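Given the sequences, and given the hints that come with them, work out the whole structure.
Line by line, the protein sequences give chains E and Z.
Under this note's numbering, the letters of the first sequence match residues 1 to 287, in that order.
Under this note's numbering, the letters of the second sequence match residues 1001 to 1298, in that order.
No lab work stands behind these hints, which were simulated from the structure alone.
Some hints here could point you the wrong way.
[Said to hold, decoys possible] With a cut-off of at most 25 Å between alpha-carbon atoms, the simulated DSS-like pairs for lysine-lysine come out as follows:
no.: 1; chain 1: Z; residue 1: K1010; chain 2: E; residue 2: K19
no.: 2; chain 1: E; residue 1: K179; chain 2: Z; residue 2: K1010
no.: 3; chain 1: E; residue 1: K116; chain 2: E; residue 2: K179
This structure is a prediction, so every number in the text was calculated from the model and none was measured.
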Amino acid sequence: MARKFSNTALNNQLSGFQKVYLILIVGFILGPFLPLIIQSLAFRWAWPDLLPGTWWMEQREVSRMPLAWDYVLSPYSRILEATINTVVIGSIVTVICLAICLPAARVLARESFRGKSGFEFFLSLPLIVPEAAIGIALLMIFIRMGIAGSYLGIIIAHLIPTIPYMIRMLTAVYQGLGKDFEEQAMILGASRWQVLRLVTLPMLLPGVVAGALFTFLVSTNIFLLTFFLGQGKIITLPTLLFSKISGGTLDASAAGITLIVTLPGVILLIISERFIKEEAFGKGFGN
Amino acid sequence: MARSHDSALKERMWLWLQLSPVLLILAVLFGGALVLAVVQSLGFAPWFGVNTFPSFQYFGALWGSVSFWQSLWLTLYYATVSTVIALVMGIALALALVRTFPGKHLYKYVYKLPLMIPYTVGIALAVIMLGNGGMISRLASFFGFISDPSHFPQILKTHAGWGIIAVYVWKQVPFITLAIYAVMLGIGRETEEAAAILGANRWQILSQVTLPQIMPGVVSSTLICFAFNVGAFEAPFILGGGFPDTLPVVAWRYFNDADYTLQLQGMATVVSIALVAGIILFSYLAIYRRFERKIGRN
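Printed below as a string of structure tokens:
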């Protein structure tokens, strides 16, 4: 009887299938990076060799043309320009998004008012209206306003897909916060500004950091809006990579650029794992 | 009395004032773009010397062509197949992640990597893995299946679109997994335990306890992924099979055509994308609400 019970009670260990599955998923996610790294270091890699016949380093002294990594790290690849653009646009978008979403999230978490559910629905619309639909129409508006192909235009456009995420994450944080601490501070004689500075903000900080990181992440990954509205004048890492691989082939320097474009994501991953709690993400999404 | 009415009004104004920046940006940009797309697709473009508003000729021309319906079918096919595959893989991954295993901490870093990097990286990986001269083709030759790259079955640049689907799945499995896993963490495992103690077997727990519980995460993440896939441009542009293209690519081509009156046709395409996505997503949500009522959640 006891044995039967232990069989039916909830198992917390992985089943054999799950162990295999976890390994397969890692292979699926990370596996393709291996040939990518090899490709970036190859000078000649003929089919069907599993490893390059000639490596980039071997040809480095011989050839007068810049090769793979020499090209990637040279100004000709425009990778530095694209990186700076990506980071600058992402940071400004994050700051603006945070500034306009914080008050709105506070209201949404604490007040009930007429039209609230309609407002919340409107806020989530950018997530479910396909980007291509707004991207092209937005380009028409921006051309008329004269901000197509400018930083201003791209930054404004990036706010559209980032606001819904930021609002959701911040609303969840405010809901978890409760009003009690702020009220206590008020009763004890703190001014509105003191309450904000000494009570609300410190308690909000983890959620704010998580929301900011996520917004930055979304912004740095946006391709379509940047590509349509940048008009080729402003390149970011995703659009730079697009122009290198749009022919459907991948040479050594394109492989190198792909690796560099991956790099900020790896850094963000390491940082975000510390700040973004999975539960918080769920509050922003699930319910 | 008058004073309290006054302060209530003041409070309401303060409330809307706090909401206004977000509301303004989304209403002007997002709403404005949508409205502009609709009126242009109905023939309003005085800056091109075109003003036949309201006329349905552009929609008529678009919907009357066979290639539009082929494009629509391709768009929905790629979006649906990849979302379903990513969902199944994501649920299985989330179910494994709630268990304890050695190296779980590291694993939770690794599986999220695609979430952090642009789709274009996924496309580059698809090219190097699935192309005719790609890694899988080389491996097939290594194991003696093929002797020439042209013998390798074409995966990229076909209308079956497995290259596009692979990119979407690769990028979206982590997203769906994270959404579902987060919901699971929020719920805890008590109800599953109770079911187990009451004698439910593994399959019963999964189908009658776990799956209904994670539905909110399933619905919201698949909604977002599906909508994104319908509107995505870069993967079908690079990995697609050429004419007929998916709708976003068609719209882009119209828009970049030297004949700028085709831009109106492009706008009709754009509005069609939004319409189709809207109809599908709303029916999906309606079915889900019905399901929630049926299982007794408000």
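How the hints compare with the structure:
no.: 1; hint: Z:K1010 / E:K19; in the structure: violated (60 Å)
no.: 2; hint: E:K179 / Z:K1010; in the structure: holds (21 Å)
no.: 3; hint: E:K116 / E:K179; in the structure: holds (20 Å)
Figure legend: structure checked against the earlier numbered hints; the only hint not met is number 1.
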